[in-house]
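There are 2 protein chains.
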Amino acid sequence: MERAKVRLFVEDPLGSGQRVNLTRDAAHYLFGVMRLKEGDAASLFNGEDGEWRARIVEAGKRGGALSCEAQTAPQSNPPDLWLCFAPIKKARTDFIVEKAAEMGACRIIPVQTEFTNAERIRRDRLQAHAVEAAEQCGGTFVPEVSELQKLGDLLNAWPAERQIMFCDETLAEAGSALPDAGGPWAVLIGPEGGFSERERDRLSKAPFTHAVSLGPRILRADTAAVAALTIWQQQMGDWE
Amino acid sequence: MERAKVRLFVEDPLGSGQRVNLTRDAAHYLFGVMRLKEGDAASLFNGEDGEWRARIVEAGKRGGALSCEAQTAPQSNPPDLWLCFAPIKKARTDFIVEKAAEMGACRIIPVQTEFTNAERIRRDRLQAHAVEAAEQCGGTFVPEVSELQKLGDLLNAWPAERQIMFCDETLAEAGSALPDAGGPWAVLIGPEGGFSERERDRLSKAPFTHAVSLGPRILRADTAAVAALTIWQQQMGDWE
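Top to bottom, those sequences are chains A and B. Convert by adding 4 to the 1-based position in the first sequence; the result is the number in my numbering. Convert by adding 4 to the 1-based position in the second sequence; the result is the number in my numbering.
The shape of chain A in the complex, shown without the other chains (with noise of 0.2 Å):
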């Protein structure tokens, strides 16, 4: 089916006939940036109801309504898995949590580790760049951001029937392969510094943890983060 030009994250509930009205700045982006006006059509999603085709009823400055038509895809969830990172640059943060998206990760979790520069993070922000990949990817569904948490902590309240598959450039005669265990997964990337030695040590000893390396070269944050979601999603998720 042909796409709309233009597909909106929304909050509201869809379905046959369901009127969904815009936030002031979904109006601007609708009619002042992208110049749709009323009769055009959109593409709507809110992370449950699958993708909507709706119609234009009302267009204005500061708002304006939808009308839904038809479903044009059913929803669909990605695998359960956790992306969890330690932030770095702004920007490079920015596009691990697009990618992340992108990639089909459920949930995103910044995590704070010993050599983790970042004290804080706008979830806010990063929670809209996911938005924006989830609109952009042609997905239904957005991972939810989570505030950031210390490395720690994270693994003290770990549940224990999720694996962890942890990204270590010190470990390059680890291989690729996962295990085959079903159910919930997480990836874990390091910062810039790696892992503490510490850290490595508990990751390394948790029963729920695997290594994997990622070649010969040191990769970027953001380029071990699709990386890693690459070797998941074809091992264990939904890209076969």
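Check the hints yourself; a few may be wrong.
It does not matter which identical chain is used: a pair holds within one copy or between any two.
Quick list of in silico lysine-lysine cross-link-like pairs, DSS-like style, CA-CA up to 30 Å [stated by the list, open to error]:
| hint | residue 1 | residue 2 |
| --- | --- | --- |
| 1 | K93 | K9 |
| 2 | K154 | K9 |
| 3 | K41 | K65 |
| 4 | K93 | K41 |
| 5 | K65 | K154 |
The set of hints was computed from the structure by calculation and includes no laboratory data.
Add chain B to chain A, keeping to what the hints say.
Only chain B this time, still in chain A's reference frame:
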């Protein structure tokens, strides 16, 4: 072995006792930005002679020199893999070149397709990005960035023994297994609008092409480049 604080790509031959004169830019980086002084060590590589520890023997505002002491890593070249990609917006094109260098492509070819907006590239600037990525990722090789070429011309002159892995979002059923064909390869990433009907047809019919799917979501070109290079490196390259 402890890494020197600075890794620098140079054009000079490297060998025991070899003196390397610095360009003005390199001198500014080493002495102005990184605050190195006479007697400090730096790592040098030139893409041919491996990595060398060198000692600063002259430090000035507009130049300087180092003397090679010992080889700290042998020369290590990536597999014979080209990355061909359709240039997109400036920042993302820079990212693709950076990521190709990190991921171990040996040559980077910007390609103009029917749906590519870019009509020219700054080859020198992209080459500088490849150098910077090699300095950063600990490699001893710098991939060469070619001038922009038309996809049709590239395929007309294509060496028949080089396989092409091409990533097409319309081929979700293609899977991601590659034929067990050794020898030279290339990864081809399309533009944001995808390949044209005609291009897709030509690619599908060529005996040296293999379509691969990158999952159910639409990936941006920079994400797709990393994902595709990961798949190739894992199956055919130097990651195992």
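Subject >> Contradicted hints - numbers only >> reply: 5
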